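Asks: Chain by chain, the residues run as shown.
Number of protein chains: 8
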Amino acid sequence: MYKDRVREVLERVSRGEAGVDEALRELARFPFEDLGFAKPDHHRRLRHGLPEVVLCEGKLPEHVPPIVRSLLREGSGFVLLTRVREEMAERLRAEFPGSRYHPQARLMVVGEMPEGEGIGLVVVASGGSADHGVAEEARVTAELMGAKVAPLYDVGVAGVHRLFAHREALEGARAAVVVAGMEGALASLVAGVASCPVIAVPTSTGYGASFGGLAALLAMLNSCAPGVAVVNIDNGFGAGFLAALINRLGEGEEG
Amino acid sequence: MYKDRVREVLERVSRGEAGVDEALRELARFPFEDLGFAKPDHHRRLRHGLPEVVLCEGKLPEHVPPIVRSLLREGSGFVLLTRVREEMAERLRAEFPGSRYHPQARLMVVGEMPEGEGIGLVVVASGGSADHGVAEEARVTAELMGAKVAPLYDVGVAGVHRLFAHREALEGARAAVVVAGMEGALASLVAGVASCPVIAVPTSTGYGASFGGLAALLAMLNSCAPGVAVVNIDNGFGAGFLAALINRLGEGEEG
Amino acid sequence: MYKDRVREVLERVSRGEAGVDEALRELARFPFEDLGFAKPDHHRRLRHGLPEVVLCEGKLPEHVPPIVRSLLREGSGFVLLTRVREEMAERLRAEFPGSRYHPQARLMVVGEMPEGEGIGLVVVASGGSADHGVAEEARVTAELMGAKVAPLYDVGVAGVHRLFAHREALEGARAAVVVAGMEGALASLVAGVASCPVIAVPTSTGYGASFGGLAALLAMLNSCAPGVAVVNIDNGFGAGFLAALINRLGEGEEG
Amino acid sequence: MYKDRVREVLERVSRGEAGVDEALRELARFPFEDLGFAKPDHHRRLRHGLPEVVLCEGKLPEHVPPIVRSLLREGSGFVLLTRVREEMAERLRAEFPGSRYHPQARLMVVGEMPEGEGIGLVVVASGGSADHGVAEEARVTAELMGAKVAPLYDVGVAGVHRLFAHREALEGARAAVVVAGMEGALASLVAGVASCPVIAVPTSTGYGASFGGLAALLAMLNSCAPGVAVVNIDNGFGAGFLAALINRLGEGEEG
Amino acid sequence: MYKDRVREVLERVSRGEAGVDEALRELARFPFEDLGFAKPDHHRRLRHGLPEVVLCEGKLPEHVPPIVRSLLREGSGFVLLTRVREEMAERLRAEFPGSRYHPQARLMVVGEMPEGEGIGLVVVASGGSADHGVAEEARVTAELMGAKVAPLYDVGVAGVHRLFAHREALEGARAAVVVAGMEGALASLVAGVASCPVIAVPTSTGYGASFGGLAALLAMLNSCAPGVAVVNIDNGFGAGFLAALINRLGEGEEG
Amino acid sequence: MYKDRVREVLERVSRGEAGVDEALRELARFPFEDLGFAKPDHHRRLRHGLPEVVLCEGKLPEHVPPIVRSLLREGSGFVLLTRVREEMAERLRAEFPGSRYHPQARLMVVGEMPEGEGIGLVVVASGGSADHGVAEEARVTAELMGAKVAPLYDVGVAGVHRLFAHREALEGARAAVVVAGMEGALASLVAGVASCPVIAVPTSTGYGASFGGLAALLAMLNSCAPGVAVVNIDNGFGAGFLAALINRLGEGEEG
Amino acid sequence: MYKDRVREVLERVSRGEAGVDEALRELARFPFEDLGFAKPDHHRRLRHGLPEVVLCEGKLPEHVPPIVRSLLREGSGFVLLTRVREEMAERLRAEFPGSRYHPQARLMVVGEMPEGEGIGLVVVASGGSADHGVAEEARVTAELMGAKVAPLYDVGVAGVHRLFAHREALEGARAAVVVAGMEGALASLVAGVASCPVIAVPTSTGYGASFGGLAALLAMLNSCAPGVAVVNIDNGFGAGFLAALINRLGEGEEG
Amino acid sequence: MYKDRVREVLERVSRGEAGVDEALRELARFPFEDLGFAKPDHHRRLRHGLPEVVLCEGKLPEHVPPIVRSLLREGSGFVLLTRVREEMAERLRAEFPGSRYHPQARLMVVGEMPEGEGIGLVVVASGGSADHGVAEEARVTAELMGAKVAPLYDVGVAGVHRLFAHREALEGARAAVVVAGMEGALASLVAGVASCPVIAVPTSTGYGASFGGLAALLAMLNSCAPGVAVVNIDNGFGAGFLAALINRLGEGEEG
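Residue numbers (the working numbering), protein chains in the order written: chain C, 312 to 566; chain B, 312 to 566; chain Z, 312 to 566; chain U, 312 to 566; chain F, 312 to 566; chain H, 312 to 566; chain Y, 312 to 566; chain G, 312 to 566.
Bound conformation, chain C alone (with noise of 0.2 Å):
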């Protein structure tokens, strides 16, 4: 695409039709706004099925409605806002009619959302009640980037056996997330019963040695089932995304 425009500027000079101080000046603006990664936001949209993602924590309320403007304005058909707590959702809900909030999720989207059935399957499993929050986070995000997903809620070791009687589930996935506290052993074992890509999700479930997330952290790194792979803790968006990509490629070539 690159290639087309500036043989285009091109040819306009050789036909006389531009000048060469007019074509610098519009291919000066090229090796950052056309280079593909220049402007990922809007190719990111087109291929991922996402608008840009604001992460809220740690920015103060006031910044972040000039933000989601902006976005709209550039031609976001909607923005999803990450780790939004229910006093900034309030605000937002305000100055934003119509937005969504799912206060489990910490998420909240304004502007129109795509239509549709989702497409695929992607498994949410999680361990214990106490990482809903996340497992909504990944479900949510998945949801928003076109994917059907089926949650598969409080499946610790000690419910195996739901598990097991979801394994019709876990075989028709094209991806898992998998989030669990404590010692993370989740994701091998769903990893041991489905063949899809996992994508593990340590949360910060737990006390004591659970080093706010570090032992399922290192536990899901250290899974001796193969076809697992980790994000940070309590990072049930950055799963949830990567599933619903992985998701995509289902759909055959270009996924």
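Keep in mind that the hints are not guaranteed to be accurate.
Think about it this way: if two alpha-carbon atoms lie no more than 30 Å apart in a straight line, the pair counts; the simulated BS3-like pairs of lysine-lysine are [stated by the list, open to error]:
1. G:Lys459 to F:Lys459
2. C:Lys459 to Z:Lys370
3. U:Lys370 to B:Lys370
4. U:Lys459 to G:Lys459
Calculated Cβ distances over 10 Å to all of chain Z for the following chain U residues [as the list claims (entries may be wrong)]:
5. Val365
6. Gly369
7. Glu398
8. Gly409
9. Glu423
10. Ala461
11. Gly561
No lab work stands behind these hints: they were computed from the structure.
Computed from a prediction, not measured in an experiment: that's the story for all the values here.
The beta-carbon is built from N, C-alpha and C at its ideal position, and this holds for glycine as well.
For this one, chain C is given, so just place chains B, Z, U, F, H, Y and G on it according to the hints.
Replies: Frame of chain C; chains B, Z, U, F, H, Y and G shown alone:
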């Protein structure tokens, strides 16, 4: 499948073709032989396109050949051995003539390899020449699992232009493996350019405050670019395996 | 037991008393209802003498009562809730009149408690008054599981003579729980005097280089006295549970 | 017992059979010879069924034989040496003919072993063949202490069906030792199936983010299955010792 | 002393003045009442010049007054309470009129203080004004134990000249306490100038990579100047106690 | 300068204008008043163009004003206070009318500021809006020390094109401050584009495995681009100070 | 420069001297060949006065010579190799006669070195003789980049007087490199005396709680003296490089 | 002393016996030669009763002899070398005939040793035979500094009765060094029995979760017995030095 086989037994009992004791004996083997998770070895090979994998690190040299022989006997077309040091490789080559050893990747393949061109495209990018071994481990593993692989080595921050030079490869890839030690920044860079899932492999390359790969591991887990997940330090096999799994999905449903 | 029930189904089919579809439906629930590991809840209560345990930390207050009610409905005589803070305790007391709350142990019991004298002897020793809460959590748990418990509090290094004063209790115990923060030396001391298994519980009591209980944890793991094993920091419940389990073995075969 | 011996001395004084000075000399040795904790060696052997244990790691080779000889002289029927490397074993075998060396377990036994069938049942489960050495250390230790041991090796997550295949062994065991490196998930799995106390041994098996066994250690400490306690990394001896101690309790009071 | 009391009992028995049972009862209390380690409280006060110390952090407010009253009743002239927050101090002042509270040091003294000039000389040096609290804890403790103390505050690296200005104080001191956070370099500096023992107290003052005092702790442990030993992070009491103990030695034999 | 003053004293003695005692008294103050390192405050201001800096974190609010007043009295034209929270700022503004507070940077300036355009060029780049506070701390500090500063905010990996858009600023800079949390990759990127010294500031922005800034800190220390050095986590002041120091060198000898 | 070259191409097209396809081919190489960041190698040498640097640690010996040859072919006047062990040095000396090896610094230089006196002044201070290797690595690197270097070795805390003896050197320096292990206090001391930027290099010198240089690293990051920044443990090259970069700025604009 | 020498110079100037230039030259050397801190070597020997100490670990073998010779030349009666391995010891013995080497302590003494009985009493207690080397390092160091030392080895928790058996030694000691690895509990035990200052030395003895001595280090820092301070892991020299320093104070004022 399980249901069909149970129904068949029940029908034979119902029709009087089978006695209760005979049916009982038959059913007794079901829970762990036919549950799907029970014999993952064979299922796994069929689905993942890879036979059993034997991690040789930590094993006594005399323990490996019997394991390999038993796997071949059970019908594995070929066996992949990981983390095979030169001495062990020589010993194994003597026992299994015709096996192939990849010294940099420390991988060995015993048995008949699948033929044919690889499918799809997996990019394996690495940061520095000290990371070649791990990158090769990922490359060979992915190829053994049927993927076409484009290696993209030596693209550290100092050579970031080469990354952009291969933009097309990155844009065409179904999955990317990024192997990097030291500060591990390459994963974020690749994820910024590519739109496919990125599997990051921190390596123990570095010294001092790299703490055996911890610095790269933490950096990759904290990547601010979505679409990245991380495997264990130096786990080239795991990354190659997962990338190939994702790559197969690109063939469409049931990838 | 599983075999008996399957035989019974098969016999009904064989006798024509049950159709194939009906039998299939019945068997379908077996793999995870009767495998032994499938419904650990009921087996566990029968064997361990303890009903389901609900960890309340990290759960939303509104999620707990439905879980408790469902467990009572499924036949659990009583339910043990751990890590219940005062606010949640009040809410639960309102919903479940007759339940009992142990504020220091942060434990709550809902339902009918087993009657009778405890069996055997479990010693619960603790180092300082700041460790009382965790020690109480162990004591109440062990008592709920039917053990007779001898608390032996405030026996730190400075009061080592009190330890020797209770030599008889220690010699008669079937299991000892040792709760200590700071340098965690008490576990080694008790293991030097007692001849029963010692379950050590590091606590987060301390400051500075205690690093939230890490110092006591490492010290206990490195105990040079054999017969010591360690549970998670502040995990009084886990230690009381395990000690009571060991204590029951003292009743003889099938303990 | 202490009281009886003091009473005897006092009575001899009272009857004029012993002078004050003589009684004083006799009593002088009491505080540390008869307090129970004073000569743990002999008491310990009587109660635990095990003589002194000598940890050889870190000791100079020439220091070990005198210690062993002194223990044998003091009446220890046999002496157990742990962490004995091949070189030291050869040296010791030359000095103590008839001693037996277990190379994988790195254990050595000098002196007359107790005869007879083991009692009760201890299961020793291990995850991978790289964990065999530590598992053997636990097995041999428990057997030396009089336990019947059922080894259950190579039951990692990938072979979880073998775990269920040995459900009966697990259900009949009085104690289970679980030896696992990498992500250490096996401990939770065994604790979910078995109803006996589980002693978990993290091993240093693994690489990268296993950090020498830290990952497995933390995972096991955070096990969400109750009934699990943990010993030091690679401490097969400690786990075998504790399991055998628990196993003896199953013989009934005074186990 | 122990011997004398036992001899006295024996002689009474020998003379028929005491029966065996009476003697037995009396001796029964010996092993832990008279062994020297048995009642460290009273011995300790006599030798160390300090009564019992009560660490209040982590204790429930209602638990402290009974402990204090019991200690006073047992003859402690005065009781030192450490880590007393304002709220607890007020409560205690109400219960024990005449007690004194040092808010910066978070110390409280209940009972009659020893009179008179302090002996010897202890220097308490601190790096910055954020370390004053811990330095005051050390100073007040040492003074309560009878030491004369020269405070030398605010002598960080930027004010190293003040250190040299007080060279004489440092040269005359029998012990020095050095309180510093951040990089903790002050301990090495003082040890380079002074020739007395130096007790270093790392503080949690700092941010980021000070990791709660870990940086200062490690720096002090690695001090290249001999004559330095370290106590726990923020442990002003421990350092003041030890410095006063050393200071008393300067009075000559039996310090 | 020291030599000159000593010579002057000696000459007065030599000429009989001063007695030995008087000369001695005068010289006595030299070692720590005139050695160059003795009063770094005044020298430092003259050389660094910055007066004393007061770190307010950890200080009691009532301690700060006397320190400021004393510094102003000693001739400091202006005083810089760092890590000043809103409450303290208000208190100080009341005491020192005319002082200026930078709330995001948490900096406060009391006294007369130097006038005039800044010299040279320092670039302050930051990764995300959550890092603004630390970046502002660096910017204001550098400006107070006389540097012209070009802020270059929000140039994370996702906005790498903006970095290239400001290539000219980066190429013209004498020093660059790079402020980034999470994976801290921005430092390597800037060092790859700019040719000036790069001062990297890891921030505590992030969650989970960022471990309070540790991930960014380690990544920056392991940067594979030469020309990078690192200050403490969140230490915007330190980076701005050092960058301004380097910037002054660009004015030529004696910078 | 980029603009000029693009203009030239456009003008040739405009004048009909070049066809569109030819121009397109030429421009196609621009984005990564001429963007400034595209070929940092050559730009870097021109600006930094240093050719390519090859880190040899972790590289296979046979991989290094081709890299060196390729760099020399591309016009690098000389190549600097870091972390070259004796064996590799010998091999390289055989391949590149005339190259020079600095065994303590583990540096090797291949090719023609720049001539002439060094400019400005960089002080390299080190704490103990075990730090010489890293200090030499810094010194040689800085000299290769054209700096005059004053080494100031063996100035630990015990020899702090030597530091003051070299006050003049420190006052005249444009940059100082401070190399120290153990507690790393030297960096703060030098920064208190010198007024130039200080680049601190923690070394792995030490044992026990130095944890491979972690203690010195943390201490240096927490230095309470402003004007200090830190590089990786043992990274003498990085510190020398940065100090030389700063030193060049002292030559005035465009340093 | 400094004052006296300056006065003497001034008086010679005043009397016309010295010119200003000559006086200036003489005084110029004062600030760092006579300030007290300037030549700590000689002062230190006089006060501490120990000459220079040379840490040999990390030094090249050829660097040590010149340092030793220079120290002997400067008047050190004898030189203590620490961490001397066998090979280096042999080399040094060849160069310095008459020197003595303590292989377990890894200490070497060159030159004339002070004669005579040691003064006071220092107890050196150690936990296990693997700690002997570090304990010996402490013992020899303390003896070289003139202390009478009572070694009390092999008094781990399992042999706690031996500790009480030596109660008298502990009660008579002026200082105690406690050397222990694994869980490091011995320090608290000794501090409970002894009333003198206790210097604790954690050792790297142990495996797994001892993490090279970290477990013992943290335990000792968290000792709940007052009167304990800690030196670096394996730092027997530092502990012996400090204990001897304290021991000398027991001789009375100016110890």
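Asks: Now, for every hint given, state plainly whether the structure supports it.
Replies: Hint check:
Only pairs whose Cα atoms come within 30 Å are accepted, and G:Lys459 paired with F:Lys459 is accepted, the gap being roughly 29 Å. Note on C:Lys459 and Z:Lys370: the hinted pairing holds, with a Cα-Cα distance of about 27 Å set against a maximum of 30 Å. For the hint linking U:Lys370 to B:Lys370, the alpha-carbon distance of about 27 Å falls within 30 Å, and the restraint holds. The straight-line distance between the Cα atoms of U:Lys459 and G:Lys459 is roughly 54 Å, outside the 30 Å bound, and the hint therefore fails.
Distance to chain Z confirms U:Val365 as a non-interface residue, since its nearest Cβ pair spans about 12 Å, more than 10 Å. For U:Gly369, the shortest C-beta to C-beta distance to chain Z comes to about 12 Å, beyond the 10 Å cut-off, and the non-interface label holds. Against chain Z, the non-interface label of U:Glu398 holds: every CB pair exceeds 10 Å, the least being about 24 Å. With a closest Cβ-Cβ approach of about 25 Å to chain Z, U:Gly409 is found to remain outside the 10 Å limit, as its non-interface label requires.
Distance check for U:Glu423 against chain Z: the nearest CB is about 21 Å away, which clears 10 Å, and the non-interface claim stands. Separation of U:Ala461 from chain Z is adequate, the least Cβ-Cβ distance of about 16 Å exceeding the 10 Å criterion. Not every Cβ of chain Z is farther than 10 Å from the Cβ of U:Gly561; the closest lies at roughly 5 Å, contradicting the non-interface assignment.
In the structure shown, a violation is registered for the earlier hints numbered 4, 11, in ascending order.
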